[in-house]
Every structure is written in structure tokens, then in C-alpha cells.
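K.L.:
Take these sequences, add in the hints, and give me the full structure.
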Amino acid sequence: MTTQDIETENTIFKKSGGKLLTVNLDNKEYGIPILQAREVVSMQNVYPIPRTPSFMKGAINLRGRIIPIIDLRIKFELTEQEVNKETCIVVVNINDNTHGIIVDQLNGVITIKEEEYEDSPNFGNNINANFVAGIVKLANRVIIVLELESILDNSELTNISELLESTIPMTEESNAIQTEIVESKEGE
Amino acid sequence: MTNSFDGISEAIAPIRDACNTVLISNDFTTPCNPKLLIALGEHFSEISGILGKNDEIFFQASFEFLNAYIQKILFQEKDYLATMPALLRYYDVLDITLDCWLIQKELNDDDKEILSGMQDALANQQSDDVTDIPFPEEGNLTAATEKNADKRNVEIFVVPDNLDELTGSFGFLNAEILEEEQDIIDVFIPEALDSLENMEQNLLLIEEDPFNKESINSAFRSIHTIKGVASFLNYQEIILLSTGAEMLLDKCRNDELSPNSQLVNVMFDVIDLLHTLLNNLQLRIKIVNKKNVSQEIQLIDMRTVLYSLQLLLSMTQSVEEILKPVQEKSQSIPDSSPKIVQTLKSESIRVPVEKIDVISDAVGELLISLSLLKQTAENKDTLHNIDMITDLLYANILKMRMFPIKSIYDKINRQIRDLINKSGKKVKFVTFGAETEVDKVILDEIYAPLTHIIRNSMDHGIEDAETRLANNKAAIATISLSTTIQGNNVVIEIIDDGGGLNKEKILQKAHLKKLTSKKDTLSDQQIYEFIFHPGFSTAEKVSEISGRGVGMDVVKKTIQSLAGDIKLSSTLGKGTTVAFHLPLSTSIIEGLVVKVADFKFIIPVLQIKHTMINKKDMLNNLYNNKGAFHIFQNKTVPLIDLGEFYSIPDYKMQVAPTLLLIEFNLEIFGLVVDEILYRQKVVTKSLSKEYENVCGIKAGTILGDGSIGLILEPRDIIEEHKSNNINESINK
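Line order of the protein sequences matches chains B and D. Read in order, the letters of the first sequence correspond to residues -12 to 175 in my numbering. Read in order, the letters of the second sequence correspond to residues 13 to 744 in my numbering.
I should point out that these hints are in silico values taken from the structure, not numbers from a laboratory. One or more of the hints may lead you astray.
Restraint-style ranges between C-beta atoms, simulated for each label pair [said to hold, decoys possible]:
no.: 1; chain 1: B; residue 1: Asn80; chain 2: D; residue 2: Asn433; range: 53 to 61 Å
no.: 2; chain 1: D; residue 1: Ala389; chain 2: B; residue 2: Asn80; range: 31 to 39 Å
no.: 3; chain 1: B; residue 1: Asn115; chain 2: D; residue 2: Pro202; range: 44 to 52 Å
no.: 4; chain 1: B; residue 1: Asn82; chain 2: D; residue 2: Tyr459; range: 28 to 36 Å
no.: 5; chain 1: B; residue 1: Asn80; chain 2: D; residue 2: Glu704; range: 15 to 23 Å
When the alpha-carbon atoms are kept at most 20 Å apart in a straight line, the in silico SDA-like pairs for lysine to any residue are as follows [unchecked claim]:
no.: 6; chain 1: D; residue 1: Lys701; chain 2: B; residue 2: Arg38
no.: 7; chain 1: D; residue 1: Lys367; chain 2: B; residue 2: Arg38
no.: 8; chain 1: D; residue 1: Lys579; chain 2: D; residue 2: Phe542
We treat Cβ as the ideally placed atom computed from N, Cα and C, and that holds for glycine.
P.N.:
This is the structure:
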């Protein structure tokens, strides 16, 4: 059990008394720790922002604030689904920043007991299960509790930002180095 | 006012009564009764608390001190029998003053001074006995002023033996900040900084006219305020410095010393040191775990400054003798109202910038919601009213972030003085437009670039007096600094009448550095542009003031980061003008809203040189639609297609697109967009961390229809475009 797991568990049970906001995505039920959820808004126009990972769908205008939107369907490699009247955006806090997450349907808030919760087991190397904090087993339903922090800092995103960094405007210094390289090649 | 006085009076009356009962009914000359002491200490602490809540810092501190002292006696750090009488006398005096204050509602300055003098003494001597404190006669406070002042003069300022120990640790910078101290410190730092600024300005006036009593008094009051609070917080280093400075100024006040240049210099050193200390303290509070970096330098500085203070204070008499005749002379001249820097007593409050940000954001949202409403509403008349009110709100919120540039001028004035001393050149410094209001962000950033330019002028621009005379110029050079508002821009100009930029030299250097080849014919502007290249300096020798070639590129970066621009003009032998063109407000950008596929981008108007709308046959390309360019005024302008640059899906360049021509390092580039929608002032909104790294996107904004527009930084786009080309050529 890593410290992160302990923290998540502590937050879920100690601070919020085991309350989760649950949502549906592709007929599965996911839980978001209630303290991280700020509000739920209906689906609205998402303005794309270029050169960002595909699951970063863009941004919405939330009462004058620009909030980045994560599309979990893209993130979880699901087929895209037409927006219907159940589709909504859950506004959450991730690492002190506000983000919106598009989900198929909002279920509600449930309170879970500690014995119903289990930390995420090891799913093996082939499956990226970082964003799963744990699993809740109830009589007739299973809820996958999300660890939102990991959704953002996963390999796809870092790869892209690395890619961006390598092409980001060069300082004049590095420009000079580049020119030197060109010159030395010419010298050869 | 009356209410608050009555309130305080009522609140503390029962406690004071209880206090007096304890004091009257007990004999404190007999051996210690801890219970009584504890009760007394509690009473003091209660009074202190109530006064503290009402911002009566002085009384609060005094009672708090009494309480602390009682604790010391209780823990047997202090001798009970020896110190108690003095402590009780101090309380008596304090009690009387408190009465006066409550009845008269305003204590006169003299009384305040005695009290704070007493308190300083108390705080300074915490390690000694209370019995050493000089007490004025009870009930005759005013008369005691002189006595008290005399006593202070007799004190000798000595650099303590344990200076290393004391300053080496900079204990207060590392010490844990107690919760109850936090509030005081929060108030203390900005107040102390204000006081320092005030003192600095007064010192400049004193330097001009050493007999300007008003300024000396004002400076004295400033340093005294700092000392008072520092004593309370027990910041040894600040106390030491301010005590020394205060004593010096006190001597000046009493005509025992004349403020000669040496003295003023030392005072400036003290101010600088205090500045550094305060800044460190501030950093320490903000970043809890950060160790201060500049300790080493400070330690040396601190010692020199303290010793010079000691030296100056010890030479009182001789100076007095020498100056007597001069003094008499100056007194015989009728005093035409002495100049004094007015301490602003206008009704103002300190508000954290974040709070203003929240309000301006909210008003911005209001504007947007309103424009949405306007499109659908039926009753336009009511809306019109709301519209007007919102506009008024908005305009005033913007003004809240604007401050006169005067504060920067004052700081630069000081800088120039130091530079003149160092370089020995004779320079007159004139300023215009000190009252011009500028965005706070710009104020915070502009000082460093301005001083840099001025330092360059002083060092490289201004010739020495002989050369000037030989060239038929006035021996005294002039540097002028002016701030004006031109349209939506603030223009800050630094003009000197020095030697001007030497184009030949710059070109030579540029060739040497292989920045340009000899074949190129360059315009004046293009030649001047080399100055902004990192590591570029034509100075023949590196002087103390400047000439290391570091900086002009930083100046340019800073100005660009404020969305501004630098313009240089110069005539050899006549002088140089450097002009900063900055937007009036950094939170609002005047931009062209353009469309590329479904995207809306905003390009700052300041950066657009020219627009070419929907022209069909203006596009050329090198081969196979690659390397698009356009011929503009006989120059080849490379084009950057924004749709392609941002890999916008399903994008195809229009047959007749619109071009925005942008100047970058004196080259012109064209941005290709579908069309220009409109021109608008937009409020910048930060995008989240995930989008910050996207090249060329500086911020976002909400447009009138509620949609999100992306504010671009064309320079970044051009830079990346250029570096991509270099990468490609390397790959090949």
C-alpha cells in the first residue's frame, strides 16, 4: 500500500465519512470522493484547445471562468457517444485546480462503509490502473473509485508535454547553439 | 471615533479596577506572592488584548510587555524585590497616560514620544533590569519630554561585542513566527517599507538642504516608527540599525551634527540594509521553508554600516564647532517654506490584490452575462440602466489597479543620486508626468528595466564634462524621464543628451559576433536592435555601474512580457531616446478577434503592423504549397498558417485568406487566418496548467457571445516556426 492509497482512504473515510459521488460511464459505475466534487453542470459547448492530449477535450465557460474539460470516454479508450440529456459535466478539484469531467449520467451520492472498500489490487503491467483508488463492493453493485490526480499525470499527458517542450520556443541562447550546430556541420 | 473610545473605556474599566484593587490592597515590598502576580499578569494581558483588538498597538504592546515581565519574575529570571517597584511605576505612568488618552481622545505627540521612548528602553533592555529605565516625573509628562530626550542623547551607541553572534544567526529570520505575532508582522512590514520610502525621500531633500528641519524631523519619525515595532517584536538587527540611525538624526535635530554627505550616505546604507532585512522577513513568511540567501553579504554590510554609525555618533563636538558659522548664516536667511515630503494621510486602505482580482473577475462575468442577456431581452430600457451601472463598476475596478508612477520616480531619483556619486559625472535629472497612473503589474516590473536604461545612459551615454564642453554642450548633462498616455498605451521615455549610440561601433561588434554579414545593408533601427542581443556590449571598459553586456536583452524580455515594446532613437553626439510602449492595463488587451476554422484567436493589436484582407493573388510559395510567402513593400514576408501551425482538424487554407503582418526582431512575418471578426478589448483569463505549455497561447478570454477565445502571443509562434525550420535543416 503506497502512501497515496492511505491518503485516499483516509480522505474518503475520515474527512467525508465515506461519501462518494457516483456516475455512470459506459454502463459502469464510478465513484468520485465527495470532497473533490464541486458541482455538476449540464453538458455545454466545449471549446477545443489545440495541441493538447485528445482526452483534454477543451474548455468550457463556467460563469466566466475557463475550466478545462476531460473526456473520460476518450481516456478509457471507449467509443464516443452522442451527447444526450443525461450527459453532464462534474466539476472537480484536482491538485488545487478546477477541472470538468464529462460523464454519461449522474447517479447520486452514497455513503460506504470501510469494510465495503478495498484498495486497488494489482492488475498487472498491461493494464494502466493508476487512476483507480479502490473498489467498493455492495450487494448488487460494484463502484470503481477514481483517483483523479492520476488521470492527469499519466504517461500520455507527460509524453505530450515533453513533446511540446522540445518544440517550445527556443530561447535565443539555444537558438545560438542551434546555429552553431549548423555551422559546424557546414564546416565538415 | 467617540464610540470606539467609549467602547474601549467601558471594556477595560472593570479590569483596570480589579488591577488597582490588587495593587492598592497589597504590599509589593514583602516577599513574593505568586498568586497576586499571576492575577496582575492576567489583568495586564486582558487589557492588552482589548486594546489590541482596537488597533491601539502602542498600549497593547506596553501592557503585553508588563505581562511578559511579570512572567519573568515568576520564573525567577528577574529579581522580584529589585524590579517590582520600577515595574509598578511604569504601570502608574501608563495608567495615567491611558486615562489622558481616553478622556482627551488624542494624546499629543510629545506624550506619545515619551511613552514610546520608555517602551523602547524597556524592550531594548529586556535582558537588564527595569530599574534602569529612565522615568519622567509623574503627572507632568509634557515637561519631561526634554529630560527624556536629554537622557537619550547621553546614551552612547556602541556596536555590541557579540555582533557576530547576533547578526550571524539573523535569528528573527529563522525563528518560528508565533501566531499572535503574525498579525503584527503583516502590518509591520508594509508600514516599515512605507516609512523607509518616506525617509529616503526626506534624506534626498536633506542632502539638498542640510538645514531642512522639517525633513530631518520627518525622517526621524519614520525610523522611530520602525524601531518601535521592531523592539516589540524583538528583531535585534533592525533595532540596532534603527537605533543608530535614530540617534544620528536626533543629533541632527538638536544641531549637534550637520547632515553632511557622509552622514547621508550612511543613512542610505541603513535604509538599504533594512530593506533587505524586511524583504527577507517577508519572504520568510511567504515561503516557510526557504532559507535566506543573502545572509553573507548582509553580515559584512551590516558591520560596516554599524561601525560607521558609531564613528559618526562619536564625532559630535568637532563637527558642531566647524559648522556653527554656517548655521548662523543660514538662519539669517528668511526661511522660505521648507520642502517636506508629505506623508499621505488621505483616506486609503490596504487591500490584497487577490481581493480586487476576485471583484474584477466578477464584474467581467457580469459584463459577459449582460451581453448575452441583451441579445434575448425584450425590455431594453431596464437593461440599459444595468448596462450603464456595470460599465461604471468596471471602469472603477480597473482604476483600482492603477497607481501613479511617482513611486517609481522616487526610487529612481535615489538611484541617480548614487550613480552620480559613483561616476562623478554631473547630471541633472528631470521628470515629467509623475501623476500618470499605471497598472500595478507594470509598476512592479518596470523599475528594473528603467534603472538599467538610466545606468546605461549615465555610464555610456553621458560624456565627461570636458568632452561636453569641447562639443559645445552644457557641462551638466540632462536625463529626463517622462510618462505619458498615448491612446491605449502608456509611453515611458528616457531621454539623455549624451553622446548617442555609435552605429559604427555597434556594426563592428555585430560583425565580430557574426550576427550579421558585411554585405547586409541595415537600417538604423536594425542596427540598434543588436543592442538587445544577449552578451552584446560595445563598452570599452567594464565599469562598476554597467558594461557587462548583460541586461539589455533582459530589459527587452521584461517589456515584452508586459505586452509592450521598446523603441530606440539616437543621434550621434546629441543623445539617445529609449521609449517603452506599454498597454494601459495588463489585464485587458485590445485585440483583433480572428477566426481559423472553428477557433477564435485574439491577436494583440499592439503587435500587428498591418492587415491584408481577403486578397486572392497575394500568396506565393516555394514548391508544392510549402514555404508560403507574400511580397509586402518589396520585402519577402514568410507566412505562418495558424490552422496548420495548430494542426486544426479538417482545416484548409482559404483561397483568399486574411494576413496579419507581425514584426519580429525587425523581420516581418505574416499570420494566415480565415477572417477578422472584430476588434475588441478582452479581459485575460488564465488557462489551466494543462494548457499553459501550448506554444503561442498566452491566455484565454470569454468573448461577448460567451464563447472562449484564445489570446495568442505571435512572437512565440514566430520563434517556434523559425526553430522548426532550423530543426528541419539539421535533419536534412
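K.L.:
Are the hints correct? Go through all of them and say.
P.N.:
Against the structure, the hints come out as follows:
Between B:Asn80 and D:Asn433 the Cβ separation comes to about 55 Å, which falls inside the hinted range of 53 to 61 Å. Between D:Ala389 and B:Asn80 the Cβ separation comes to about 35 Å, which falls inside the hinted range of 31 to 39 Å. Separated by about 50 Å at the C-beta atoms, B:Asn115 and D:Pro202 satisfy the suggested range of 44 to 52 Å. Between B:Asn82 and D:Tyr459, the C-beta spacing of about 34 Å keeps the proposed range 28 to 36 Å intact.
Distance hint check: the CB atoms of B:Asn80 and D:Glu704 are about 18 Å apart, consistent with the given range 15 to 23 Å. For the proposed pair D:Lys701 and B:Arg38, the alpha carbon gap of about 14 Å is at most 20 Å, so the pair holds. Annotation: proposed proximity of D:Lys367 to B:Arg38 is violated, straight-line Cα distance about 33 Å (limit 20 Å). Taken as a hint, the D:Lys579 and D:Phe542 pair is honoured in the structure, with Cα atoms around 13 Å apart against an allowance of 20 Å.
This entry does not satisfy hint 7, going by the numbered hints stated previously; all others are met.
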